[in-house]
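Chains as they are written, first to last, in the working numbering: chain A, 1 to 395; chain B, 1 to 395; chain C, 1 to 143; chain D, 1 to 143.
Rather than coming from a laboratory, the hints here were simulated on the basis of the structure.
We treat Cβ as the ideally placed atom computed from N, Cα and C, and that holds for glycine.
One should not assume that every hint holds.
[Stated by the list, open to error] Here are the simulated distance ranges between beta carbons:
(1) B:P23 x A:A360: 53 to 63 Å
(2) B:K108 x A:G170: 49 to 59 Å
(3) C:S80 x B:D121: 21 to 31 Å
(4) D:K130 x B:N187: 48 to 58 Å
(5) B:E51 x A:A360: 47 to 57 Å
(6) B:S276 x A:E26: 16 to 26 Å
(7) B:A48 x A:R231: 36 to 46 Å
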Amino acid sequence: MQVYADNAATTKMSRTAIAAMLPCMETTYGNPSSLHTVGQRAAEALLAARETVADCLGCEAREITFTSGGSEADNQAILTAAHLGEAKGKKHIISTAFEHHAVLHTLKKLEKQGFTVTLLDVHENGMVTPEQVAAAIREDTCLVTVMYANNEIGSIMPIAEIGAVCRAKGVLFHTDAVQAAGHLHINVQEQNIDMLSLSGHKFHGPKGVGALYARKQIPLSTLIEGGAQERGKRAGTENLPAIVSMAAALREACDHMEENAAKVSALRDKLIAGLSQIPHSAVNGDGKHRLPGNVSFCFEGIEGESLLLLLDEKGICASSGSACTSGSLDPSHVLLAIGRPHEVAHGSLRLSLSEENTEAEIDYLLREIPPVVAYLREMSPVWKDLVSGKKSFLL
Amino acid sequence: MQVYADNAATTKMSRTAIAAMLPCMETTYGNPSSLHTVGQRAAEALLAARETVADCLGCEAREITFTSGGSEADNQAILTAAHLGEAKGKKHIISTAFEHHAVLHTLKKLEKQGFTVTLLDVHENGMVTPEQVAAAIREDTCLVTVMYANNEIGSIMPIAEIGAVCRAKGVLFHTDAVQAAGHLHINVQEQNIDMLSLSGHKFHGPKGVGALYARKQIPLSTLIEGGAQERGKRAGTENLPAIVSMAAALREACDHMEENAAKVSALRDKLIAGLSQIPHSAVNGDGKHRLPGNVSFCFEGIEGESLLLLLDEKGICASSGSACTSGSLDPSHVLLAIGRPHEVAHGSLRLSLSEENTEAEIDYLLREIPPVVAYLREMSPVWKDLVSGKKSFLL
Amino acid sequence: MALYSEKVMDHFLHPRNVGEIADADGVGEVGNAVCGDIMKIYLKIDNDVITDVKFNTFGCGSAIASSSMATEMIKGKPVSQAMELTNKAVVTALDGLPAHKLHCSVLAEEAVKAALKDYYDKNHIAYDPKQFPDCPSCAHCAG
Amino acid sequence: MALYSEKVMDHFLHPRNVGEIADADGVGEVGNAVCGDIMKIYLKIDNDVITDVKFNTFGCGSAIASSSMATEMIKGKPVSQAMELTNKAVVTALDGLPAHKLHCSVLAEEAVKAALKDYYDKNHIAYDPKQFPDCPSCAHCAG
Ligand SMILES: Cc1ncc(COP(=O)(O)O)c(C=O)c1O
Ligand SMILES: Cc1ncc(COP(=O)(O)O)c(C=O)c1O
């Protein structure tokens with residue numbers, strides 16, 4: 001059996017997304033900046049896609065800037081707020097310790113340029129509260145950036161409430177909604193969001209395309225200079241096939257959000273319940289405020305990569321931490337942020353489900369995973385020390 | 001008849017490019033950073049694409065960084081050289097007056113940061129010489145960036161010779177090869193190129209993807225921060241379908257370069273000869289050192305946009321200046337750079353051919369264009385003044 | 001074409017009143033070739049009524065469409081009414097113009113006024129010069 | 001899997017010499033759980049020859065494969081020869097490791113040496129301490 005349970009890393013494109021893309025490669029192949037019919041058809045498709053995305057977020061089409069993905073959107077949002085803040089002498093930014101690297105590394109860059117960054121502690125259930133944000137806001141705070149949902153442990157932040165705090169204090173609020181878009185309800189008006197990033201490939205859309213929503217009063221800083229595409233805020237010939245495809249995928253995801261969430265979270269809960277039977281294991285993240293597809297565990301005494309590789313041998317595609325930190329030797333900064341000790345954080349497993357997963361697949365996972373954990377523990381000197389009482393269990 | 005003659009704005013994807021893309025959406029859909037089989041298959045495809053692109057440029061795979069397009073590659077190359085230069089107190093950059101806006105606007109940004117930019121004059125045939133570059137290089141020059149071939153007038157620069165001058169003087173040399181890649185021979189070693197930008201959609205590959213070659217000794221500056229993709233030099237989940245498709249398109253273009261060039265330049269020459277019959281017209285760019293597909297004219301007494309719209313009514317897709325400056329009121333900076341007066345520059349027409357164009361289409365263009373020019377002149381007060389002798393002809 | 005409304009395209013593709021009037025009673029030319037738009041309007045006026053109007057235009061699609069529409073709007077109208085033609089009225093009649101093309105409608109208004117001014121001047125009719133703002137630069141074109 | 005060579009995958013999926021030796025003559029443990037890799041090697045030594053070897057490893061695929069390969073390489077060998085095992089030899093035997101996984105082969109070498117040192121210590125055999133560099137920090141792991 002082949003079970004793809006790494007949908008937080010990337011999803012398989014839906015039929016709808018592929019079907020939307022093909023005509024843009026074969027018929028509407030023009031450059032939207034071209035005056036002729038082939039170009040103008042592309043321009044119309046671009047506008048329609050922009051309207052679709054705007055509609056899914058509850059904003060206006062002109063508030064959407066298409067980017068090459070979630071990372072670029074995060075970078076551009078944060079640099080925009082930094083430039084605006086700098087002009088007013090405000091060089092303090094608030095974020096959290098468990099943001100995606102697209103946010104954290106951009107903040108690092110800004111620190112080198114004299115900005116001060118406060119990374120809020122994350123509660124052990126993976127949550128950050130509006131009260132924490134309120135307490136951290138200073139006179140010189142120019143931006144609060146808090147992710148909508150965490151990519152590793154799936155916890156969902158109280159975005160609307162955090163947004164309200166920011167709005168009340170007159171501070172720009174950005175949210176990295178890469179894991180949320182298409183899966184959780186978004187309405188930037190109701191949720192007091194000033195800027196929001198999303199990425200096509202996390203909801204069965206294409207890779208290499210994303211969107212940045214920025215409230216119309218916010219003049220975006222340009223990351224990529226050149227032609228006047230995207231109202232002069234993002235140069236480069238528009239990636240029309242991907243943009244149109246992403247819009248179609250987002251539309252589809254939003255139209256089926258409730259039924260997908262119901263189905264996927266039922267699978268998730270069954271999987272969590274089953275894996276919780278493994279002794280000395282712990283679920284990461286919040287029990288309730290959790291992405292429908294996210295299952296995140298730490299298993300004491302074993303190491304994540306070897307677990308992944310053995311699961312892969314069984315046809316199970318999973319991840320340990322996030323995809324983009326694999327290959328790194330450090331344990332996930334997210335797991336450390338919620339207080340997992342290093343030795344436990346190394347033994348993490350993330351299974352991220354989508355509506356394409358089936359009950360039979362969950363049964364398969366529940367059958368295959370526990371023996372693999374047991375096998376690795378049997379080989380692990382750490383586990384032996386725990387069992388023999390030389391060390392004490394942390395979980 | 002429908003004639004797409006705007007291939008410098010963007011090309012239609014080839015069968016090969018589409019065929020290469022589809023399996024990456026349906027089967028190899030994994031995230032190349034994921035450890036499991038689905039991810040590692042994607043990683044393998046990514047590596048193969050990198051090797052293909054490297055092979056087409058005569059460099060090593062690790063010298064290729066995939067980007068979201070030509071603009072991003074241009075931005076990153078220039079900012080890299082600027083950062084390296086700044087560290088050594090070298091803040092002078094040499095470029096030309098007729099670069100693409102992705103280059104010119106990035107240079108503008110650097111000027112605001114204290115860099116000095118010398119834009120070399122372009123000869124009226126659209127050429128810049130190695131001697132000009134040599135004369136402009138100063139002690140504090142950190143970069144020479146000269147495009148391989150111009151997107152509007154098609155003139156081809158003596159890149160190898162300019163590269164040799166730079167190498168001799170120890171100055172980094174970048175070339176925007178967006179119009180050249182897949183159409184003209186490239187070998188970064190032989191041509192002394194330190195950095196080179198290309199874009200997938202200009203050679204029947206996909207939009208939204210490009211590549212930056214940077215000699216391995218050059219530490220790229222990061223434009224988009226985040227995950228460790230592209231050796232930490234370009235964050236964001238890799239756009240695998242587009243990357244693989246671009247590599248396939250480039251391979252195909254390079255494999256058929258000579259036959260395509262022979263075919264397309266024959267069509268081009270026929271078109272140029274025919275349109276030259278129109279009185280008071282002039283070809284823009286060099287007669288010999290010219291992209292195989294580029295036909296660029298100025299017609300005195302008329303304005304380009306109305307010409308384009310009327311041609312579009314006849315099914316002819318063409319451009320006036322470049323696609324991304326359409327919608328702007330200024331005449332093309334390229335045509336001004338080669339010394340066309342404003343009033344003449346407004347009356348420009350660019351027809352850019354590909355190997356998919358046919359002899360019959362050229363005949364159609366030659367039949368349809370002259371009467372449209374005549375019709376617009378008949379309506380033009382400028383033309384009347386010229387004919388009546390009130391003003392004197394410039395062409 | 002999404003760029004222009006159907007009305008604009010109709011007037012661009014089938015411009016009304018193209019041509020010259022050899023014995024015009026008023027001729028107005030505005031814009032310049034450096035900016036990329038020139039409009040020249042010829043009026044035939046009889047008893048203070050515009051009995052005929054022709055135009056020549058060098059410019060983009062919306063410039064030609066604006067000229068065509070403006071001439072249609074003043075044809076057969078009393079001079080006093082033609083004096084009230086505004087660029088907004090031209091834009092509305094064309095079902096809108098893209099923001100960066102609005103200057104074409106301004107040129108059309110100015111061309112009509114320039115022709116009317118010429119008619120007043122030739123016929124020594126007194127008028128308030130403030131009605132005819134100069135168009136010395138292209139600055140407004142950027143609007 | 002492109003990540004690891006077939007050899008690595010073979011040793012990872014079918015690790016040789018997994019286990020413990022209750023009455024081992026030498027035991028060595030290196031690495032720490034904070035770093036994410038611990039290797040423990042048990043040696044049975046008879047007449048200066050390694051007659052049996054077992055390992056337990058907590059770590060990634062290449063850590064397990066390196067342990068497996070290293071134990072294979074010293075099994076049946078004289079102690080003096082086992083002392084000459086280098087991480088490079090392990091890497092070569094595995095048909096290479098990804099750059100960021102080379103530290104696993106270093107750990108394997110160190111684990112073997114730690115077990116040998118334990119054997120020397122237990123049997124009061126004199127040795128040059130320089131042969132056994134400490135592994136007090138994880139700094140080398142970053143290599
Ligand atoms: C010479 C040149 N450079 C750069 C670019 C920018 O490429 P892209 O639109 O793919 O970002 C283009 C085309 O648009 C070009 O013709
Ligand atoms: C929370 C979060 N933010 C940002 C990103 C970056 O998105 P992309 O890889 O599309 O640039 C990701 C996923 O990779 C993510 O999960």
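Outcome of the hint check:
In this structure the supplied range 53 to 63 Å is violated for P23 of chain B paired with A360 of chain A, their Cβ-Cβ distance being about 26 Å. Between K108 of chain B and G170 of chain A the C-beta distance comes to about 32 Å, which lies outside the given range of 49 to 59 Å. A hinted range of 21 to 31 Å for the beta carbons of S80 of chain C and D121 of chain B is inconsistent with their spacing of about 54 Å. Between K130 of chain D and N187 of chain B, the C-beta spacing of about 51 Å keeps the proposed range 48 to 58 Å intact.
Evaluation of the 47 to 57 Å hint for E51 of chain B and A360 of chain A yields a failure: the beta carbon distance comes to about 39 Å. Distance hint for S276 of chain B and E26 of chain A: a CB-CB separation of about 35 Å, inconsistent with the stated range 16 to 26 Å. Separated by about 37 Å at the C-beta atoms, A48 of chain B and R231 of chain A satisfy the suggested range of 36 to 46 Å.
Comparing the model with each earlier hint shows violations of hints 1, 2, 3, 5 and 6; every other hint is respected.
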